[in-house]
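For reference, the chains in residue letters:
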Amino acid sequence: MSCIKNGFETLKGKNEKALVGFVTAGDPDFDRSVEIVRAMCDGGMDVLELGIPFSDPTADGPVIQRSSQRALKSGMSLVRVLEMVKIVRGFTSIPIVLFGYYNPIFRYGGKAFCQDSLAAGTDGVLIVDLPPEESAELTSQWEGADFDFIRLVAPTTGPDRMKQIADEASGFIYLVSMTGVTGSQGLDSSKVGAVIAPLKAVTDLPVCVGFGISTPDHVKAVAMVSDGVVVGSAFERLIEENLENPGLCGMVREYTQSLKDATKI
Amino acid sequence: MNIQDMPDARGHYGAFGGRYIAETLMPAILELTQAYNEAKVSQEFQDGLAKLFTNYVGRPTPLFFAQRLTEKMGGAKIYLKREDLAHTGAHKINNTMGQALLAHHMGKTKVIAETGAGQHGVATATAAAFFGMECKVFMGVEDIARQAPNVKRMELLGAEVMPVTSGTGTLKDAMNEAMRFWVGAVEDTFYVIGSVAGPHPYPEMVRDFQRVIGDEARRQIMEAEGRLPDTLVACVGGGSNAMGLFYPFVGDKGVELVGVEAAGTGIATGKHSASLGAGEVGVLHGSKSYVLQTPDGQIQEAHSVSAGLDYPGVGPEHALLKEEGRARYVSIEDDQALNAFHTLSRAEGILPALESSHAVAWAMEEAARRPKEDIILVNLSGRGDKDLETVLKYMAQKGA
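Chains as they are written, first to last, in our numbering: chain R, 1 to 265; chain P, 1001 to 1400.
Next up, chain R with everything else stripped away, as it sits in the complex:
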């Protein structure tokens, strides 16, 4: 059983839903990014989604765009992201999923990426711009590796396609809560249930919901109907607003705790 699946099983036993936290690796710089992730772990985060910074993040809103730019400016690269995973793996056993765009991974080499990611302590990857139509060129290089390729389902995904995606998925499925880029406003958590039902009907995998979730109330509402809740832009906003604040890590830990508490039902 993959580490990711195992993690969700354990939470189920405790009547909790997963808090999936996203930050861009290397934002605002390598060392502080490690400390931010440590604070998220201390705050009770269940799954880490670590963003691979990319120059042209076309599915991300301004907050994550800027986080990517800060990370790149500080000298971050995919090689450095994997170095960071090694350090993070030294202090936590929660699942670590890389999150990014295809070009840096394509340039790194699909097979080497899988091997090096596993060696560093990563459990899977989600690639925003690699839909099922194109993903075989990458995943076919991973035969036999215990490395999850997390797939996305969007509000625009129809039932047939949903089933097709679910059949190929592993780890968990990431359900996008609304049409739009990350960090969009206007989450209608009452509608999430309606989107999640047809997906749950075609998969046994855990379903995590992301996009537009930033408060404990959002988390609570979405956790009622899903297996996990992804918070990303809200962490990045907190980082951005406190770049020079020595208390940043404490704030991140407290914020994580407040979100985590909302996943306990």
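By construction, these hints were calculated from the structure, which means they are not laboratory data. Treat each hint with caution, since some may be false.
[Claimed, not checked] 30 Å max Cα-Cα, derived BS3-like pairs, lysine-lysine: (1) K200/R <-> K14/R; (2) K1152/P <-> K1072/P; (3) K14/R <-> K73/R; (4) K5/R <-> K191/R; (5) K1271/P <-> K73/R; (6) K191/R <-> K1108/P; (7) K200/R <-> K264/R; (8) K111/R <-> K1322/P; (9) K191/R <-> K12/R; (10) K111/R <-> K163/R; (11) K264/R <-> K14/R; (12) K1072/P <-> K1372/P; (13) K191/R <-> K1110/P; (14) K1108/P <-> K163/R; (15) K1152/P <-> K1253/P.
[What the hints assert, rightly or not] Pulled from the structure, derived: some chain R residues nowhere near chain P, Cβ distances all over 10 Å: (16) Y102; (17) D116; (18) D129; (19) P131; (20) K264.
[As the list claims (entries may be wrong)] Over 10 Å on every C-beta distance to chain R, these chain P residues come out as not near it, computed from the model: (21) E1023; (22) G1107; (23) E1225.
Every value quoted in this text rests on a predicted model; they were computed, and no experiment measured them. The C-beta atom is built at its ideal place from N, Cα and C for all residues, glycine as well.
Given the coordinates of chain R, assemble chain P onto it according to the supplied hints.
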């Protein structure tokens, strides 16, 4: 599979092309693919487009023998395919009328577009006005500054120009922002991509709407010379005017195809837009092709005096033509393009767009090297009125 039969059903051109996009957009792309596949074989659609080309765009555009320029260079005959005489002043209108007609057939009432030089933006705004659609055009702030007349034209045509401040505020950033907007508005909005780039079916669809350039040129040169040209030349940013000219000739092995990229201040300076000449294979804006990038896979900024060539990627079909050795890709620096701008203006009374000036510059040099019986056919993809400010500023800087 013959290279002219590409792409395959999945939108791949050999190792290039494809649909590398977010899941939210995928259903819309599949819907578009289906709609386009139907339109391709619909007599009604094709007749409708042909009528628009004739009555609205002003096609066929002339194929003009540039006698004075030819005499000046002293070698091969230079013919110019006058896309600058098409409605709105560039080849871009061929594609936007095609896509807007398709959007109309699909029942969409809102369109968005990205633009660099503003020619595609103006052409989209024009098509939107014609079909009564709401239009938003994303344009980098740097381009808004250097292409001010086109911004005003778009606004007069009823379009809303959306300034893009991210990155360097050029074409790449405008396309990023258009894609972001589309993700949030995909249910009722048609994205009119301006080049043979983007996810499938855009590279194929845009090529098909632009191939009218090559189809006409082929007929016209046969009438004028009784034979096919030796060499076709076109500038390549994303590559739509080049693909439109080249495509009907891909099977004619005796016709040399030459794409001219922008070398900016020189390939060695790193400030250029030569994706095919100096880039590596990668994925940008939905398709796999040659991309200017760092070894870590970060996209690099492109540079060119011409806003329309200022793009770090290139259409996947060009990548295939390069890989197969069917076309070759050269580059021309800013200075050479400016020189060609002045030379053509004085010799023939035609002000070429700075984009097209790159093709003219290479053709001029090549003509001088070639025998008098050779024929070089250049795609004069747009007119230069929009570039006057850039040209004057450049002349002032150079003390000319």
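Hints, verified against the model:
no., hint, verdict
1, K200/R <-> K14/R, "holds (21 Å)"
2, K1152/P <-> K1072/P, "violated (37 Å)"
3, K14/R <-> K73/R, "violated (41 Å)"
4, K5/R <-> K191/R, "holds (26 Å)"
5, K1271/P <-> K73/R, "holds (20 Å)"
6, K191/R <-> K1108/P, "holds (25 Å)"
7, K200/R <-> K264/R, "holds (20 Å)"
8, K111/R <-> K1322/P, "holds (27 Å)"
9, K191/R <-> K12/R, "holds (23 Å)"
10, K111/R <-> K163/R, "holds (27 Å)"
11, K264/R <-> K14/R, "holds (9 Å)"
12, K1072/P <-> K1372/P, "holds (12 Å)"
13, K191/R <-> K1110/P, "holds (26 Å)"
14, K1108/P <-> K163/R, "holds (28 Å)"
15, K1152/P <-> K1253/P, "violated (44 Å)"
16, Y102, "violated (5 Å)"
17, D116, "holds (14 Å)"
18, D129, "violated (5 Å)"
19, P131, "violated (5 Å)"
20, K264, "holds (30 Å)"
21, E1023, "violated (4 Å)"
22, G1107, "holds (17 Å)"
23, E1225, "holds (45 Å)"
In summary, the numbered hints that this structure violates are 2, 3, 15, 16, 18, 19, 21.
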